[in-house]
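Colleague: All chains, please: the whole structure from these sequences, using the hints.
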Amino acid sequence: MKIARAKIENFRQIETLDLDFTDSLGRVRDVSLIVGPNTSGKTTILDALAVSIGLGTELSFGRPDFVISPRTIVRRGVLESRVTCWVRFSREEIEATREIIQHAEDNLTIPDNEEVQMTWVYPDPNKRSRFGFTYYDPSRSWPLFKGRVKVARLLSSRRVDWSWFQRVGGVFTFDQQRTGMGRTIPREIWNIISGAVTNEEPDDPNRRTADPRAILLSLAVQSKFEPAPGVIQADQFKLIKERYDQVCAPHKLLGVVRDDLGELDLHFTDGVHEYYYDGLSSGEKMLLLFLIRMVSEHVHQSVVLVDEVELHQHPIWQSRLLHALPRIGINNQIIATTHSPYLRDLVAREAIINLGEIAETGEEAER
Amino acid sequence: MADIYLVCEGSDDGLDFKVLNLILVNKLNKAVLISPAGGDSGLNSVASWIEAKSAPGAVSYSIEDRNYRSLGEVEAKWKAESKRFIWRRHEIENYLLEPAVILQAMVSLSQVQSGNLPQTLADVESVMRSAADPLFEDHVGQLTRSQLVEELNVMRLQLGQPQGRQYFQRQEWLDFLHGECGRLKNSGADLSNLQQFDEMAITTLYDRLLNELKASDFLSGKRYLREMGGHELMTALHNFLRASGFPRLSQSDLEIELLKALEQQYMPGYFAFDNQPDDFVELAQRLI
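These protein sequence lines map, in sequence, to chains A and B. Going by the working numbering, the letters in the first sequence line up with residues 11 to 377, in that order. Going by the working numbering, the letters in the second sequence line up with residues 4 to 291, in that order.
Keep in mind the hints are simulated off the structure, nothing from the lab. Backbone N, C-alpha and C define an ideal beta-carbon position, used for all residues, glycine too. A few of these clues could be false.
[Said to hold, decoys possible] Keeping only pairs whose Cα atoms sit at most 27 Å apart, straight-line, the calculated DSS-like set for lysine-lysine is:
1. B:Lys263 <-> A:Lys248
2. B:Lys33 <-> B:Lys56
3. A:Lys262 <-> B:Lys56
4. B:Lys30 <-> A:Lys248
5. B:Lys86 <-> B:Lys56
[To be verified] Residues of chain A placed beyond 12 Å of chain B at every Cβ, according to the derived structure:
6. Pro239
7. Gly281
8. Ser306
Modeller: In structure tokens, the structure reads:
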């Protein structure tokens, strides 16, 4: 799914804002950048897009500290917020959603429309849901937003495999701390890496962790084994390593090593010196957090919302990251905020949503 | 590791900046900061200023458009052990106007809507030839002008500055100005006698260049795509597309489409031609 246009009304400090993410031929751009000074509403736009579409997907979509309440969403002095998005689906994604609905044995019909207008109103005018209400036009198009959650639910039944995530999309938000990551590590892998994992309870029965090092180690260990016959899943560690090496060159992620105590660690080089995970710069850590989540959560066909995409990155790495972003998954739409003039100059002028200059905010703007 | 800067022509979000970032930084993995000079002059001053204000050890290079300069002059610049380079093609647009790159962009555009677009390399070359034909005589005119400017440069028809000290006294200034003005007066006399500036000679020079280009592989061998004004050719391609079913296509979206196509096509050596190396590969090797 991709957002072609959006209209935000009475959402936090935004009174009315029209956004267009298409190029001069009406195609949705791979990358759109939202620029503007602090407090100009960049993150608010990401939140509005995330909540309006994300609620319909039934999957996690927003920043971890994003709270849905009238006080945090509805603009002062008005009764309701409203976000309208014109969301496009490719023919392939529509077909994939139809197939997954058949697999799920749901009795739903999906219209052929490749563009759906959806309007999220908060609070719910019917007072039925505490998360607001969403209208879809055409009205029967709402199952298009459920493809991904249905794949997730059907995975355990083995009626579908992981490759289905390449066919149906969702909404993913990357906040400034790049949190929101979490992964359940298989018991056998956990046992192998548990000595190397700090700040985690080794006998945690769920083995769910947000520790990027633990996740990366688990992926590295898993990549050492051949997949069972019939199992289709890309080598995620290899994908992360390739992207890391590309963005951070001449730095490289060499792989997983065992130290003198037998504990596993991740091994890096800057082209001259070698170092371990603890020696990573904040820029490298930020990038890895991003890559791990993009790869391990199978982010494809999705709207990817990134707050301050350049955080902690040298301009050369910013350039490479912006170049790599749309290529990390399949057919994603990247909408990112930035303060970086270097990034702003890299995209087409029309792909920039400019919320004004510093002098146009606050008291200056009111005058 | 010290920072490496490369000063290029154009504005902050210009095409030079985008192409250099795509090829040099992303495809060839060179850790270099691309710094547009904001225009097409003073690149060396900008490069020197960046070097002076940067951390110790920073190195700043520059690369400027060839425009109508001879290949010999360009090659001499590459051979010199200097930090200043000149593109071997006319300007940055000429690197996007490879027929295979254009064809790939056409394929992408035709997925949006059907239009009367070129479908083969031969079709693309035909379109670009049609775009180049009206520009051909202008190109020859610019080459002729360029050769005449070289004659003027030899004569040094500008008033110089006294050199060697921070400041000079009255008599030193007068001696210098008397000398310079005398030299210019003589140059003026020489100029009035310069045969190359006679009407007949200018016509002969223009026609000789015209015939040389016509007789060579300039048009048939696609040299025109490398040496004629890339900006003008790009505008002509844009006009062609607008008339071929894409009336709303903006020039910046056409550039982005060509950049995407170039990204898919490019591999080191892609721009090598005859005995000329790929400028980007050579640049990557020279930026140390």
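Colleague: Hints first: check each against the structure and report whether it holds.
Modeller: Consistency of the hints with the structure:
no.: 1; hint: B:Lys263 <-> A:Lys248; result: holds (25 Å)
no.: 2; hint: B:Lys33 <-> B:Lys56; result: holds (22 Å)
no.: 3; hint: A:Lys262 <-> B:Lys56; result: violated (31 Å)
no.: 4; hint: B:Lys30 <-> A:Lys248; result: holds (19 Å)
no.: 5; hint: B:Lys86 <-> B:Lys56; result: holds (17 Å)
no.: 6; hint: Pro239; result: holds (34 Å)
no.: 7; hint: Gly281; result: violated (9 Å)
no.: 8; hint: Ser306; result: holds (24 Å)
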